[in-house]
Amino acid sequence: MSGTFVGMPVFPTAARAALGDTQLRHNLAHATGVIRAKRAKLVDEVEAAHAAGAPGGWEDLRLAGAAVKQRALDDLAGQLELLEESLTKAGAVVHWARDAAEANAIVARVAKSHGADEVVKVKSMVTQEIGLNEALEAEGIAAWETDLAELIVQLADDLPSHILVPAIHRNRAEVREIFLRRMKDVGRPAPADLTDEPKVLAAAAREHLREKFLRAKVGVSGANFAVAETGTLVVVESEGNGRMCLTLPEVLVSVVGIEKVVPTFAELDPLLRLLPRSSTGERMNPYTSTWSGVTPGDGPQEVHVVLLDNGRTNALADQVGRQALRCIRCSACLNVCPVYERAGGHAYGSVYPGPIGAILNPLLKGTGEKQTDSLPYASSLCGACFEACPVRIDIPEVLVHLRTKVVDGHRGDFPPKAEAVAMKGAAWAFSDASRLGLVEKASGLSGRVLGRLSKSAFPGGRPTAGRLAGPAVAWTGARDLPAPPAESFRQWWARTDGGTRPDSTATPSSTTTEGETR
Amino acid sequence: MSAAREAVLGRVRSALADVTPTPEPVVPPITSALSAAPEGHVLDVFVERVEDYKAVVEQVDAEGLAAHLATLFEPGQRVVVPAGLPAELAAAVPVAVTEDDGPLTAAELDAVDAVVTLAAVGVAETGTIVLDHSAGQGRRALSLVPDRHVCVVRADQVVADVPEAVARLAGAVSAGAPLTWISGPSATSDIELDRVEGVHGPRTLHVLLVAADTVGPVS
Numbered sequence: 001m002s003g004t005f006v007g008m009p010v011f012p013t014a015a016r017a018a019l020g021d022t023q024l025r026h027n028l029a030h031a032t033g034v035i036r037a038k039r040a041k042l043v044d045e046v047e048a049a050h051a052a053g054a055p056g057g058w059e060d061l062r063l064a065g066a067a068v069k070q071r072a073l074d075d076l077a078g079q080l081e082l083l084e085e086s087l088t089k090a091g092a093v094v095h096w097a098r099d100a101a102e103a104n105a106i107v108a109r110v111a112k113s114h115g116a117d118e119v120v121k122v123k124s125m126v127t128q129e130i131g132l133n134e135a136l137e138a139e140g141i142a143a144w145e146t147d148l149a150e151l152i153v154q155l156a157d158d159l160p161s162h163i164l165v166p167a168i169h170r171n172r173a174e175v176r177e178i179f180l181r182r183m184k185d186v187g188r189p190a191p192a193d194l195t196d197e198p199k200v201l202a203a204a205a206r207e208h209l210r211e212k213f214l215r216a217k218v219g220v221s222g223a224n225f226a227v228a229e230t231g232t233l234v235v236v237e238s239e240g241n242g243r244m245c246l247t248l249p250e251v252l253v254s255v256v257g258i259e260k261v262v263p264t265f266a267e268l269d270p271l272l273r274l275l276p277r278s279s280t281g282e283r284m285n286p287y288t289s290t291w292s293g294v295t296p297g298d299g300p301q302e303v304h305v306v307l308l309d310n311g312r313t314n315a316l317a318d319q320v321g322r323q324a325l326r327c328i329r330c331s332a333c334l335n336v337c338p339v340y341e342r343a344g345g346h347a348y349g350s351v352y353p354g355p356i357g358a359i360l361n362p363l364l365k366g367t368g369e370k371q372t373d374s375l376p377y378a379s380s381l382c383g384a385c386f387e388a389c390p391v392r393i394d395i396p397e398v399l400v401h402l403r404t405k406v407v408d409g410h411r412g413d414f415p416p417k418a419e420a421v422a423m424k425g426a427a428w429a430f431s432d433a434s435r436l437g438l439v440e441k442a443s444g445l446s447g448r449v450l451g452r453l454s455k456s457a458f459p460g461g462r463p464t465a466g467r468l469a470g471p472a473v474a475w476t477g478a479r480d481l482p483a484p485p486a487e488s489f490r491q492w493w494a495r496t497d498g499g500t501r502p503d504s505t506a507t508p509s510s511t512t513t514e515g516e517t518r
Numbered sequence: 001m002s003a004a005r006e007a008v009l010g011r012v013r014s015a016l017a018d019v020t021p022t023p024e025p026v027v028p029p030i031t032s033a034l035s036a037a038p039e040g041h042v043l044d045v046f047v048e049r050v051e052d053y054k055a056v057v058e059q060v061d062a063e064g065l066a067a068h069l070a071t072l073f074e075p076g077q078r079v080v081v082p083a084g085l086p087a088e089l090a091a092a093v094p095v096a097v098t099e100d101d102g103p104l105t106a107a108e109l110d111a112v113d114a115v116v117t118l119a120a121v122g123v124a125e126t127g128t129i130v131l132d133h134s135a136g137q138g139r140r141a142l143s144l145v146p147d148r149h150v151c152v153v154r155a156d157q158v159v160a161d162v163p164e165a166v167a168r169l170a171g172a173v174s175a176g177a178p179l180t181w182i183s184g185p186s187a188t189s190d191i192e193l194d195r196v197e198g199v200h201g202p203r204t205l206h207v208l209l210v211a212a213d214t215v216g217p218v219s
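Chain order of the listed sequences is A and B. Going by this note's numbering, the first residue of the first sequence is number 1, and it counts up by one from there. Going by this note's numbering, the first residue of the second sequence is number 1, and it counts up by one from there.
Isolated chain B (complex conformation) (with noise of 0.2 Å):
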């Protein structure tokens, strides 16, 4: 097809024989107050904006993060973690189901009732959270097949608006990473624009908010 290559690019710059680029990229403006706020209220706002979408926010100690994890699920549910998940995060499921042993297939995902992530990035502005997938996150089918997501996000990782999102996974992206940005459960608006929460993706979304710096993934 290096003929239609060669036709598409030579009409393109027949068609742009009277233009000269700007080589220059553009600076976007800061649009969010938020990005001149204190940090409490960046956190404030980013559980309101979460919750907003019908998703679960808890506010969670680092060293009561792991048992109120254990009491999210019932006994005997199976709960797929991520390589690099925290240890004692990955021991306070019902029954961890992993990857240790190959990758589970997407019928074998879909038997399986949650997951249990780690994040990179929250957007308090826009109630989202950004998962670049790696340690801890999982491969992207990991968030997406099972009917409940539980998303562990630090206090650090969440910022104020876009901007700051885009500025931080820039690295991720370069190294090749993919990104799954994530405000609430899955949600249609196409029947009369009568917004329903869940459809394909994850029904219920759990983020569980925990003070800055003390869950990392492990490798």
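Bound conformation, chain A alone (with noise of 0.2 Å):
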């Protein structure tokens, strides 16, 4: 079974570690390219037929994904009853969970009547995020990854780290090694003579999987998109192993996030369009499945969904952070963001990474808890994964709102915070102008020290302040701050009456790049 999340460290903590393995961001930093020089290929194909004179082009289709998650999440209550009376009328039993127990709880009993002590599983995000594969394993029940990413993970107990390449960060010597170590330890063992080489692990995965997909009694599955009107859910995937585990089991469980609702099955278009190219790089996936129900004849005969909420409502209720519930879990954002590609998806303590994981953790679980708390900070809020977000979820603008609740949530902390002190300084200075007065001198005078001290300078000349002392250490640990100037503006203001009498005195050299700007 795979390892969890559970007690992870910090972000920062478990990103410095995580920098120190280099491996890993080989690994990672091949990953993300490749994958970032597929996509911007296809984005510009769209483009280039809007240019072409076509009506339409990639952010107009951006557009039409937003409002079309937009709308299902507006009118979400609406839209649920409508999803669970088109279900029933297809013949599926739809289940309602809370949280995290009561849906694993569905799964399990839904299982266990029908006396299987093993499912096969899609590759899903909602059930990793309910840790679905260990609460089964306490009932007696294998779950079985039938993704090869999800299989590598599962087999060598370690974590996922990506959303849609949950292994990115082992390299095909260490997919082999993991195969020859742990296949025959649950099924069909790997073939002795197994190569590293990618077609031959693939391989591998058919042989070792197909005798469970064969004889399994239950699949379990997620859905990228769940259609209202009619009854609909869709999954999306390369492999073919989803096809097999929402075909050849007797029994389909599938497990539905709230949000996944589409209204109409005519707006999953922009949906369909989106999703590949913006995930894989591809201008479609290889397999999207659609079924409504029961079909008779066709594929599992008892059909079950469980629509979870699990924090979702709590994402719901934020006016800003709200947004975050559009993600079709493409990982576009955390392709694009320097932060993810340098620190991996490890570092973030969630089966949710990157950027969309740094807002979603919070938004799901709710602020106050200092790993959740960290992740808000784990961004240079450069932008990137906005512009890339195929659903225009404007993730720097949630991860500063957290930031917010975060520190909201220290404002009574004794003893205070550094920066609260800090800012509770800032506010003294600047509210009277015979105090700022006295912190420009002070501040003035602290220049001229450390201008003569540095032993470097920004680009210009203009020395920096070096390591800082105290509390201030750890953000001058990995940035330079620039040493204060001698003189402030207020003070070259009184010498030179606005700059209308000649500047005589010579000013220090720490001052000389804001001389040439006046």
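Hints were generated in silico from the structure; no laboratory data involved. Mixed in with the good hints there might be a few duds.
[Claimed, not checked] Below 30 Å or equal to it, Euclidean Cα-Cα: the simulated DSS-like pairs (lysine-lysine) are:
(1) A/K41 to A/K199
(2) B/K54 to A/K212
(3) A/K89 to A/K112
(4) A/K417 to A/K441
(5) A/K199 to A/K38
(6) A/K199 to A/K184
(7) B/K54 to A/K38
(8) A/K217 to A/K199
(9) A/K41 to B/K54
(10) A/K212 to A/K112
(11) A/K424 to A/K441
(12) B/K54 to A/K199
[Said to hold, decoys possible] Coverage of chain B stretches by chain A, computed from C-beta distances (three or more under 8 Å per stretch; other residues unrestricted):
(13) 14 to 21
(14) 27 to 36
(15) 174 to 188
Quantities reported herein were computed from a predicted structural model and do not represent experimental measurements. Cβ coordinates follow ideal geometry from the N, Cα and C atoms, glycine included.
Fit chain to chain and form the complex, with the hints in mind.
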């Protein structure tokens, strides 16, 4: 069974460890680079068609995708009731789950009612979120992951590190070693002459899993979309493992987050165009399956759908953060994020890593817990994630909003945080001109001293302040703070009468660059 | 679990107290220049894009379809023919395996060499074929478990892009039919983002594109 993220350290601690792993950084840089290039090429292709006279480009498609998801969310209660009605009419059994424990119990109950001691699983983020595999294991039911990357993660007793490519942190040699060592413990062993060629490794996974597919009684899936109007669930995949799990078992249980609703079948269109291009960098993924409840004579004849909240209504109640529920789990934001590319997915301590994870986790779980509270800060706010997002989630806006929530949560702390003390001090100084003058004098003095002592300078010659002491040490550990100018603007104004008197006094070297811009 | 239902819906309603829903469906833009292109060009792009995903595509005359189909198999190969496949196509495979005497088990399907199906829609922009599993296309497992899928697509079934495909398929979905959208053979990029064709679904996809209006399912 895979491990869990419970008890992970805060982001800066976990990221520091990840940054020290050169193999991991190599694997990540390669993989994110490849996938970014593939996506960019297809976005350009859509744009080129637009320039040739077609109505609508990539941005129009993003707007449509965002509008569809937003429309569903704005009327979520009505859409969910409609979905339930359509599913029931189509022969599915609809269950509701407030949290992970309820959802897990429903899946376990269904499996047990058929005497199953194993289930085959389609790759699904939501079942990882609720820890379904571990919950089933506790009930004596083995949950077999069938996506290649999930299989690698499961066999290695590892954690996923990417939404789309959970084993992105592993290279081919590592995968070969995992298959040779572990496959024999849970089923058909890997062939002894296994090489590290991806084609050979994929073939080994095919052989290993086929016996599980053919004998499986119960399949478990998530859903990429759930169409309210028709009661249709949609699974988007590549390998065919999804089709196997959705088609061959007698019983199918799908765990669906309530935010997956799409109002009408026609409105799936922009999402089906956006998702594969943003996700795997393909015009279309190899397989998309849609099904509406039970199809007589075709596929599972007993179909269950579990509609799951698990914090989604918390996110929905947050007026700034609710847009995160538009997420279609494409992982484009991970691939373009400079922080993710270097720190990798494990550092985020959640099945949802990267920029979307940095907002989704606090929105679902609420702020106030140390690890979760560290996530909104795992960003330089560069905005690349917003630009890449196919459903236009303004991730930087939500990050800043969540930082505010985290800070608000510490307003009454005693002793106060260093940042709060600094802000109080700044408020004291800026609220009165004579106080500000005093602070400026002190700052100018320290600037003269620090400027002389400084061993490094910014381009242009302005000296840096070097490493600060006290609570500020962590901040300057990774950044250069300019040495304070020896003269403040107000001092300069008084001395030169707003620049009308000749600037005769030679100013100390530390203000050279400022002098140039006057 | 009706308590859970009421709780979840109640939380949703109170979370959205400040929001007014939009009743009108979103009308997405057409993004492919192909939507305005002549039919011949659309078919060329369909062929190019299906091939792009390492599938085999051949354009065949309707009259020569059955004879050509016969050349695709080795003697003695067992091929699943779904109910509703035109009789001349079913007769063209070396050993036809049918479900006339009841459904095949997954293990029995695993033991056949190939499957021949018709399709519902082809999408040029994305190189996709869509099955709605009506007559001549078989239930979903038939085009999944065998290692080779030969799919007959009529030229008049090929549309420019996803919006037109969704419009054509809406009726089947409303009637409760499942859909399978297929873009090339099964594939994975899970190891170092290196694309490998052929995992769990058919490792070979063979598309036969035939002139319009000539091949249809039989009831």
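task = Hint by hint, work out which the structure violates, then give me just those numbers in ascending order.
result = none
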